Amino acid sequence: MDTESHNAIDEAAGDWFAKRESGQWSADDQERFDRWLSESPHRVAYLRIERVWERAERLKALRSPVGEVPPPGKWVLSPFFDPPAAPAASTPDVGSGMPSPTEAVGRAVAASPPGVELFPSSDQQRVKSGRLGRRSRVGYLALAASVLVAIAASVAWYIHSPGSTYRTPVGGLESVPMADGSRVTLNTDSAIRVSVTTKERGVELERGEAFFEVAHDPSRPFVVHVGAERVLAVGTAFSVRRDGDDVQVIVTEGTVRLEPGDRRHGLQGDREPTLSNRSSSGPSLSASGARIDSSSAGSAVVVLPAGSIAHADEAGVLVQEESPAQAEDTLSWRAGVLVFHDMTLGDAVAEFNRYNTRQIVIEDPAVARLRIAGNFRATNVEAFVRLLEHGYPLRVEQQEDEVVLKPR
Amino acid sequence: MEEPLDNWFKREILAHEAMLLRYLMRVWPRKHEVQDLRQETYARVYEAAMTSRPVSPRAFLFTTAHHLMTDRVRHERIVSIEAVGDIEALNVLHDEISAEQLVSARQELKRLAAAMDRLPPRCREVMWLRRVEGLSQKETAERLGVSVKAIEQQVSKGGRLLAEYMLGEDVAVSSTKREFESDDDRGHGKP
Chain S
1 MDTESHNAID
11 EAAGDWFAKR
21 ESGQWSADDQ
31 ERFDRWLSES
41 PHRVAYLRIE
51 RVWERAERLK
61 ALRSPVGEVP
71 PPGKWVLSPF
81 FDPPAAPAAS
91 TPDVGSGMPS
101 PTEAVGRAVA
111 ASPPGVELFP
121 SSDQQRVKSG
131 RLGRRSRVGY
141 LALAASVLVA
151 IAASVAWYIH
161 SPGSTYRTPV
171 GGLESVPMAD
181 GSRVTLNTDS
191 AIRVSVTTKE
201 RGVELERGEA
211 FFEVAHDPSR
221 PFVVHVGAER
231 VLAVGTAFSV
241 RRDGDDVQVI
251 VTEGTVRLEP
261 GDRRHGLQGD
271 REPTLSNRSS
281 SGPSLSASGA
291 RIDSSSAGSA
301 VVVLPAGSIA
311 HADEAGVLVQ
321 EESPAQAEDT
331 LSWRAGVLVF
341 HDMTLGDAVA
351 EFNRYNTRQI
361 VIEDPAVARL
371 RIAGNFRATN
381 VEAFVRLLEH
391 GYPLRVEQQE
401 DEVVLKPR
Chain F
1 MEEPLDNWFK
11 REILAHEAML
21 LRYLMRVWPR
31 KHEVQDLRQE
41 TYARVYEAAM
51 TSRPVSPRAF
61 LFTTAHHLMT
71 DRVRHERIVS
81 IEAVGDIEAL
91 NVLHDEISAE
101 QLVSARQELK
111 RLAAAMDRLP
121 PRCREVMWLR
131 RVEGLSQKET
141 AERLGVSVKA
151 IEQQVSKGGR
161 LLAEYMLGED
171 VAVSSTKREF
181 ESDDDRGHGK
191 P
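Protein sequence lines correspond, in order, to chains S and F.
Mapping of the first sequence onto the numbering used here: position 268 corresponds to residue 268, and the numbering continues sequentially without gaps.
Mapping of the second sequence onto the numbering used here: position 9 corresponds to residue 9, and the numbering continues sequentially without gaps.
Just so you know, these hints were derived from the structure itself, not from any lab.
Quick caveat, the model's predicted, so the values are computed rather than measured.
Some hints could be false.
Stated by the list, open to error - Taking lysine to aspartate or glutamate and the DMTMM-like style, the derived pairs with C-alpha atoms no more than 25 Å apart in a straight line are:
| id | chain 1 | residue 1 | chain 2 | residue 2 |
| --- | --- | --- | --- | --- |
| 1 | F | 10 | F | 169 |
| 2 | F | 31 | F | 169 |
| 3 | S | 199 | S | 217 |
| 4 | S | 406 | S | 363 |
| 5 | F | 138 | S | 11 |
| 6 | F | 149 | F | 133 |
| 7 | F | 31 | S | 351 |
| 8 | F | 31 | S | 11 |
| 9 | S | 19 | F | 139 |
| 10 | S | 19 | S | 50 |
| 11 | F | 138 | S | 28 |
| 12 | F | 31 | S | 322 |
| 13 | F | 149 | S | 11 |
| 14 | F | 138 | S | 68 |
| 15 | F | 10 | F | 47 |
| 16 | F | 10 | S | 21 |
| 17 | S | 19 | S | 39 |
| 18 | F | 149 | S | 68 |
| 19 | F | 138 | S | 15 |
| 20 | F | 10 | F | 36 |
| 21 | S | 60 | F | 125 |
| 22 | S | 406 | S | 389 |
| 23 | F | 10 | S | 39 |
| 24 | F | 138 | S | 21 |
| 25 | S | 60 | F | 139 |
| 26 | S | 19 | S | 54 |
| 27 | F | 31 | S | 342 |
| 28 | S | 60 | F | 108 |
| 29 | F | 31 | S | 4 |
All chains should be modelled from the sequences, with the hints used to inform the complete structure.
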């Protein structure tokens, strides 16, 4: 491995690029630049920036005639275009909590990655057909841009509508951008309902597991509701997994508060859990494996720092403190991979079975007690059992709809 | 011969960055190392191409990444032995990789605009004036009432961020993003 990190190289490449573009460039600069560029890691870093700069020239198609810098998301609203058609026909009654259409467009454009289909297809078609008549006057790129605005508007509408639901099938993995810049990644067989108001960014985890990367917004707490009892608030990056009434929370960045919920308020509730004023009242957790008994503590709030893995069930909350890196490992599913550290085969197989309809079955308890470590692609059952067969005293019996592991 | 090689590299190799990152994220357990792997892979590909250019650039890129990871696993013994086996078993990934989509002009524009909007506000303003309005560095500085040096710094940062947003698309590789969270001119941080 080179000693120079990609960060240092990328920064140097950016500096060289800016210097070269600055219009002040001496023969001496050129000489030093050539020397710097002679190392391949430097050169490829520079080429990346140059490549993107070249491509960015296309943005001239969206240039405003008055030479102003358009605010984010509004660059398309030049005199060439009408304001985006609000999806009036399908806009639900959302009350005053809704952002204005232009605000929504701005945020949605900023937040929506390419290739994620968030809008109902009927909306998209309607938008397109409404735009075709303008083609001759505004030209192809203008048409493209206006379709973009309209699509963004429908994305914004969809994200903001009460109770937008997202689901993944068994083996599915999907990343969903929210209009506020947050992002939710859904694991296998999971479902969430998103409800964003002016007071709260609420997500209800109906089943499965999701990882949340929360955009900073002190005025609207980010709250994940799980089941009938618990509300989880705040933090910058954390996951929540639900198994019936059991809840697991893993924090990788920032702080998360785990508090007993009150279902009567529901997603639209006016209760506002805040980060600052109540976190100090929560029990401080320094010991590994501390158990907080919710029955004695009533409405005890548990504050989880980065690296925490918390399990909450009827009996209370069990908190383990790991390093953030270990917590990240537990979340390797986001890359489609399962990472096991000295786990029993029984537990490992249970994990695997979440991701596949073709289930692995262990009948012999001795087999379930074997220990396993490694990295495995979550949906590749065949590779997993093949490796087991190689490395363990097991034989694999393929049956019609399941794979049985037997002692050899 | 040098200049054409650079162009070749930009067109044939950098076009696959998002897919490369996804691949690395999937098979490599330590996510904070993914950008370094990406960079080392590029450097290896570039060096090999100086001697002779591969017939299939994309396949060569992924094979290079694969070899790099295998080398590291063997050399550093950082993951248990099963990982090697699994990486071998995961050669099927190459099938998935071949399903690359062509980016239409509309998607390209959309992606560019979205990438621009993710820049910190001041940085975005500078990049816009320089690249889209075509103002010189001096004109940009006068327009915004800041020093020429400040513009140069914003262009440096803007170029770097746009490369990450555009080439890497939205592949969540966390190690580089935290660095920008502290930007005081950033409206609201995206993790």
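Going through the hints against the structure:
Our distance criterion of 25 Å between C-alpha atoms is met by residue 10 of chain F and residue 169 of chain F, whose separation comes to about 16 Å. A threshold of 25 Å between alpha carbons decides the hint, and for residue 31 of chain F with residue 169 of chain F the separation of about 16 Å falls inside it, so the pair holds. A C-alpha spacing of about 11 Å is found between residue 199 of chain S and residue 217 of chain S, which places the hinted pair at or below 25 Å, so the restraint holds. At most 25 Å may separate the alpha-carbon atoms for a hinted pair to count; residue 406 of chain S and residue 363 of chain S meet this at roughly 7 Å.
Only pairs whose Cα atoms come within 25 Å are accepted, and residue 138 of chain F paired with residue 11 of chain S is accepted, the gap being roughly 22 Å. The hinted pair formed by residue 149 of chain F and residue 133 of chain F meets the criterion: a straight-line CA distance of about 19 Å does not exceed 25 Å. For the suggested pair residue 31 of chain F and residue 351 of chain S, the alpha carbons sit about 21 Å apart, so the restraint of at most 25 Å is met. A distance of roughly 20 Å separates the Cα atoms of residue 31 of chain F and residue 11 of chain S; the hinted pair therefore holds under the 25 Å criterion.
At roughly 16 Å between alpha-carbon atoms, residue 19 of chain S and residue 139 of chain F fall within 25 Å of each other, so this suggested pair holds. The straight-line distance between the Cα atoms of residue 19 of chain S and residue 50 of chain S is roughly 13 Å, inside the 25 Å bound, and the hint therefore holds. Under the criterion of a C-alpha separation no larger than 25 Å, the hint pairing residue 138 of chain F with residue 28 of chain S is consistent with the structure, at around 21 Å. Between residue 31 of chain F and residue 322 of chain S the alpha-carbon distance is near 17 Å, which keeps this suggested pair within the 25 Å criterion.
With a CA separation close to 16 Å, the supplied pair residue 149 of chain F and residue 11 of chain S stays within the 25 Å bound. In summary, the hint linking residue 138 of chain F to residue 68 of chain S is supported, as the alpha carbons are separated by about 17 Å, within the 25 Å threshold. The suggested pairing of residue 10 of chain F with residue 47 of chain F holds, with an alpha-carbon distance near 14 Å, which does not exceed 25 Å. Of the supplied pair hints, the one linking residue 10 of chain F and residue 21 of chain S holds, its CA atoms being roughly 19 Å apart against a limit of 25 Å.
Restraint check for residue 19 of chain S and residue 39 of chain S: satisfied, since their Cα atoms lie roughly 19 Å apart, inside the 25 Å limit. Simply put, residue 149 of chain F and residue 68 of chain S have alpha-carbon atoms about 22 Å apart, close enough for the 25 Å limit, and the pair holds. With a C-alpha separation of about 17 Å, the suggested pair residue 138 of chain F and residue 15 of chain S falls inside the 25 Å cut-off, and the hint holds. Straight-line distance between C-alpha atoms of residue 10 of chain F and residue 36 of chain F comes to about 18 Å, which keeps the hinted pair within the 25 Å bound.
Proposed proximity of residue 60 of chain S and residue 125 of chain F is supported: the alpha carbons are some 14 Å apart, at most 25 Å. Taking the CA atoms of residue 406 of chain S and residue 389 of chain S, the gap is near 10 Å; set against the 25 Å cutoff, the hint holds. Among the hinted pairs, residue 10 of chain F with residue 39 of chain S is consistent with the structure: their alpha-carbon atoms are about 17 Å apart, no more than 25 Å. Under the criterion of a C-alpha separation no larger than 25 Å, the hint pairing residue 138 of chain F with residue 21 of chain S is consistent with the structure, at around 11 Å.
Under the criterion of a C-alpha separation no larger than 25 Å, the hint pairing residue 60 of chain S with residue 139 of chain F is consistent with the structure, at around 18 Å. Only pairs whose Cα atoms come within 25 Å are accepted, and residue 19 of chain S paired with residue 54 of chain S is accepted, the gap being roughly 16 Å. A hinted pair counts as satisfied when its Cα atoms are at most 25 Å apart, and residue 31 of chain F with residue 342 of chain S qualifies at roughly 20 Å. About 13 Å separates the Cα atoms of residue 60 of chain S and residue 108 of chain F, which keeps this hinted pair within 25 Å; it holds.
For the given pair, residue 31 of chain F sits about 18 Å from residue 4 of chain S by alpha-carbon distance, which is consistent with the 25 Å threshold.
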